[in-house]
Amino acid sequence: MIGDGASVPDGEVEGLDESDFLELYRQLVLLRTYDERSVVYHRQGRIGTYAIFWGHEAIQVGATFALDRGDWIFPSYRESAIGLLRGMPPATILSWWRGHPVGWWNPLDYNLASICVPIATQVPHAAGLAWGTKLRGEPTVALTFFGDGATSEGAFHEGANFAGVMRAPLVLLCSNNQWAISTPLSAQTAAPTLADKAIGYGMPGVRVDGGDVLAVWEATRDAVARARAGDGPTFVEAVTYRVAPHATADDPSAYIDAERVEEEKERECLRRFEGYLRRLGLLDDETAERVKTEALEAMREGIAAAEAEPPADPELVFAHAYADPPPTLRDGWLGG
Amino acid sequence: MDGSVAELTLVEAVNDCLHTELARDDSVLVMGEDVGRAGGVFRATAGLLDRFGSDRCIDTPLAEAGILGTAVGLCMAGWRPVCEMQYDAFSYPCLDQLINHVGRYRWRTRGAMEFPITLRMPYGGGVRAPELHDDSPETYYVHTPGVKVAIPSTPADAKGLLAAAIRDPDPVVVLEPKLVYRTARGEVPEGDHVVPLGTMRVVHEGSDLTIVAYGAMVPVAESAADGLGASVEVLDVRTLKPLDEDTLLASVAKTGRVVIVQEAPRVAGFGAELAAVIAEKAILDLRGPVLRVTGFDVPYPYWQIEDAYMPSVERVVAAGRRLLDEF
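First to last, the protein sequences are chains A and B.
23 is the number of the first residue of the first sequence in the numbering used here; add one for each residue after it.
848 is the number of the first residue of the second sequence in the numbering used here; add one for each residue after it.
Because the hints were derived from the structure by calculation, they are not lab data.
Cβ atoms here follow ideal geometry from the backbone N, Cα and C, with glycine treated the same way.
Fair warning: there could be bad hints in the mix.
Here are the simulated distance ranges between beta carbons [as the list claims (entries may be wrong)]: (1) B:Val-1114 / A:Arg-250: 51 to 57 Å; (2) B:Ala-1155 / A:Pro-161: 57 to 63 Å; (3) B:Ser-901 / A:Arg-312: 51 to 57 Å; (4) B:Glu-1127 / A:Pro-333: 27 to 33 Å.
So here's chain A without its partners, still in its complex pose:
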């Protein structure tokens, strides 16, 4: 829906007002700032290896904005900071990337599952949650994020198939950034599009511009409405391009075309939405500056709070693995 105002005209969007537009902008800026600062913190040795999501913000913000607060989100590691959109403090997520226990949140506090590090294994969890709440007669919808590479995994297939069979109120949101570390989409699938896979699960598959926050929102809103109406799951393929390394430990110069990356960067999602708002007269320099300053301040406070956490108690090694631990759990332990 967002064009460039010149060669590609802007489209129409119904169902959002000016305050929604500004909130979407604030959320995009918050995620962008989180991501850019995290790369810096990593270089400064203040967080560990970090999975970059620069350029994916429109997918994460647009999809989450289409959910009710009571709906569940099952993220992959690419959506590690999605909790920010539900009021999670930046310090919590930074602590996760610092390997500190306080970074592991209570999913019930945010209706947000833990970060899923293995690929696609969260898809059946989301299908189960959606199916389970439906069995209870609750109106909850679940949404799970995963990447293009995840669609090659068995767990994606089994989760999507379960959701289809159980008519689970689930949105399968594929962030297709066209790379799985160094493996391009063409080496991942012979399907013409990833959305085509939906037909095999008896669900609709839609494809949207993942750089257009409003398009992602609208597609997800429709999928959520279907789910809530009892019509089952939807596969949404949000297409973008990974213009950053997979993670801080990755050097894409070995496998990616730098010129293509620069072209794609020109189309990145935050700049597009900001241009759209300015053309509509909804955003001025002062507001943009304020939003960015607030996001930077939140990150400054977040990293300070994360670094102020006392060192984790080594006793926590034994905490939480079992509600009722085996009596021999501490055999061999000499103390912290």
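Once you have looked at the hints, place chain B on chain A.
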């Protein structure tokens, strides 16, 4: 509950337990391949669909990782899923979910959420079945942090351990010895019957030799004990994790001689863990080496020669004889 008992086979006791637990707690549901309309390929889930409906006895797609993976989400929605894997070796696709999520999710939430999943399946050989219907996969499960493992050998324990598993706040894998599904017959308390996890059963007491076994190897151990002409203590492990070390070590202290019987392949099997516990905590009580009678480090064989693989009474007697004669 009222003290009355029924004479049941082991698989009937499993079925009785599922009926009892679904009636007792309406958050318990049973899911798996062919568990509903068919009542399970061994009839372990017979009658549940008619009695509790298709929301609580669910015929799933043929997808073991999907069964256990969706069970994680079902827990998050407040259910207590009892997942059936149709056969031992068919459970391997679910190990990804078990290792990466089921055993870790409570820890991941720092104890805020519980994942009271029960994963039950028939296991073991000796039934003249096609390939991959014969495995003893307990080591994979026991080795997974966050997961408990129980293996009954009697109908009463099949009911009681499964009930304990379903009521346990942690994920529990229950392996049911299919070889004795219908040949193990005995009295089973009606209604509520729970055998707490973490207690061995002293099958019979003795003072010369301890034979430790579980599942379908318990009757093998009992027959061997009868054939040794000595005072033999037979222990039924019942719960591999948490392990009842007290009962094990007390027996070792009494007899000083130990034979461990395990149907699974020898290398790094659960018998090795038992032997290590004895070595670490009771080596001075031993009169001789701890001996293992096990399957071999080979694929479970063609069924015409499977008896050569399975630990036999003769092999257990030979091991016991050696300890009694030499030490």
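- Confirm or reject the claim that Ser-901 of chain B and Arg-312 of chain A have a C-beta distance inside 51 to 57 Å. 55 Å, holds
- Given the range 57 to 63 Å, decide if the beta-carbon distance of Ala-1155 of chain B to Pro-161 of chain A lies inside it. 59 Å, holds
- Message: I want to verify a distance hint. Is the separation of the beta carbons of Glu-1127 of chain B and Pro-333 of chain A within 27 to 33 Å?
- Response: Holds - the Cβ-Cβ distance for Glu-1127 of chain B and Pro-333 of chain A, about 31 Å, lies within 27 to 33 Å.
- Query: Measuring from beta carbon to beta carbon, are Val-1114 of chain B and Arg-250 of chain A in 51 to 57 Å?
  - Reply: 53 Å, holds
Violated hints: none; the structure is consistent with every hint.
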